[in-house]
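There are 4 protein chains.
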Amino acid sequence: MAHEQFKTCIDACNACADACDHCSTACLQEDDVKMMGRCIALDIDCAAICRLAAGYMARGSEFSAALCGFCAQVCEACGQECARHQHDHCQACAQACRQCAEACRSMAAS
Amino acid sequence: MAHEQFKTCIDACNACADACDHCSTACLQEDDVKMMGRCIALDIDCAAICRLAAGYMARGSEFSAALCGFCAQVCEACGQECARHQHDHCQACAQACRQCAEACRSMAAS
Amino acid sequence: MAHEQFKTCIDACNACADACDHCSTACLQEDDVKMMGRCIALDIDCAAICRLAAGYMARGSEFSAALCGFCAQVCEACGQECARHQHDHCQACAQACRQCAEACRSMAAS
Amino acid sequence: MAHEQFKTCIDACNACADACDHCSTACLQEDDVKMMGRCIALDIDCAAICRLAAGYMARGSEFSAALCGFCAQVCEACGQECARHQHDHCQACAQACRQCAEACRSMAAS
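Protein chains in written order, with full-length UniProt numbering: chain Z, 1 to 110; chain Y, 1 to 110; chain F, 1 to 110; chain H, 1 to 110.
Derived by calculation from the structure, the hints in this document are not laboratory data.
Note that the structure is a prediction, hence the values are computed from the model and not measured.
Heads up, a few of these hints could be off.
[Claimed, not checked] Under the rule of at most 16 Å between Cα atoms (straight-line distance), these lysine to aspartate or glutamate pairs were calculated in the EDC-like manner:
| # | chain 1 | residue 1 | chain 2 | residue 2 |
| --- | --- | --- | --- | --- |
| 1 | H | Lys34 | Y | Glu102 |
| 2 | H | Lys34 | Y | Asp31 |
| 3 | H | Lys34 | Y | Asp11 |
| 4 | Y | Lys34 | H | Glu30 |
| 5 | Y | Lys7 | Y | Glu102 |
| 6 | Y | Lys7 | Z | Asp11 |
| 7 | Y | Lys34 | H | Asp31 |
| 8 | Z | Lys7 | Y | Glu30 |
| 9 | F | Lys34 | Z | Asp11 |
Put together the whole structure using the sequences plus the hints.
Encoded structure:
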């Protein structure tokens, strides 16, 4: 069944969305928020696409693999931007993004 | 931090959304799909509000508690409808909905 | 049919989501971004709930009215915060929020 | 500004999501609902990606064009499935999907 077969990737997407949502809020409270603009924008994009991908997979959508391929690109970009900042939430988000990108690439190739 | 403080409820929301999404797809493949109409409709509503609630909590939104109060009502209704059907996916979804409703009520009262 | 009956409120929700999404991005590019934190956070919340409400109404969900009642509260809060800032995008967003709150209250009372 | 530059495509995405959401509910009430399974599933996928694309464009996301390219594929598939059914809501949805696919392809190529 789709939702079990895809469980690893669904979990990675949910964890990444959580990390991105937390990172966007934490960035807004940093003193150097002006520097965090692209990080916040990508956090919002990434959280949204990860939650959407989790839904597609849980429904066993025929577009699951293709959407995960796209989701991996957003995660990759968000993870690279987050990795440039030393805040703990950015570093944690970068790791969640990298793990999700990898899980999504595996899904996309399946 | 919000996303850790709320982790139990976020996890319950993600699990419930997953179960609802899976249930809606499985219902569409049942022979008695005609009887599953309200179950499918509530599954779609419930998955969407659960994913939204997870996002609000992960961002530490000032509306987290209020939204969880509303989310609990949708989970309750979806769980009761699912519980009426004997399919495994409906019974599993009913349980996920009940657990999420309880977690959301706790959040709403906090 | 639901999606026609609710058309005024669906259109208001879509317009409000658009205005909020635009406002959040524009806020991130302002010099005084540090002051715009709550505005950005509420923009994100409001855009998400408005798009969800549009979906509930378009599907004729049994929770349409209740969700619109909640959506009106978020729109109200977002509109009041936006109204405090003189940026054009904030003022435009405040107006879209007020109109959406009114349309949602009508829906909730129906 | 992004949300004005992209207005045609945002409007097409919102209209398509509305039509898909309405179609999925109406399909569930048809006598031949068993035949409508793929139509319903694609309606759900298409409504979700269209609302996401509207949000990306309204925020002027750097992934707007790429997401619209993916969205066009889902709209195309959903429109072709809907076109196979004679119900008014399916025919209306097919048309909304085709228009949205075209608007998204233009965005993707820009």
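Structure-based check of all given hints:
A C-alpha spacing of about 34 Å is found between lysine 34/H and glutamate 102/Y, which places the hinted pair above 16 Å, so the restraint is violated. Among the hinted pairs, lysine 34/H with aspartate 31/Y is consistent with the structure: their alpha-carbon atoms are about 8 Å apart, no more than 16 Å. In summary, the hint linking lysine 34/H to aspartate 11/Y is not supported, as the alpha carbons are separated by about 33 Å, beyond the 16 Å threshold. At most 16 Å may separate the alpha-carbon atoms for a hinted pair to count; lysine 34/Y and glutamate 30/H meet this at roughly 8 Å.
The hinted pair formed by lysine 7/Y and glutamate 102/Y meets the criterion: a straight-line CA distance of about 14 Å does not exceed 16 Å. Straight-line distance between C-alpha atoms of lysine 7/Y and aspartate 11/Z comes to about 14 Å, which keeps the hinted pair within the 16 Å bound. A C-alpha spacing of about 8 Å is found between lysine 34/Y and aspartate 31/H, which places the hinted pair at or below 16 Å, so the restraint holds. Restraint check for lysine 7/Z and glutamate 30/Y: not satisfied, since their Cα atoms lie roughly 23 Å apart, outside the 16 Å limit.
For the proposed pair lysine 34/F and aspartate 11/Z, the alpha carbon gap of about 33 Å is over 16 Å, so the pair is violated.
The structure fails to meet hints 1, 3, 8 and 9 from the earlier list, while all remaining hints are met.
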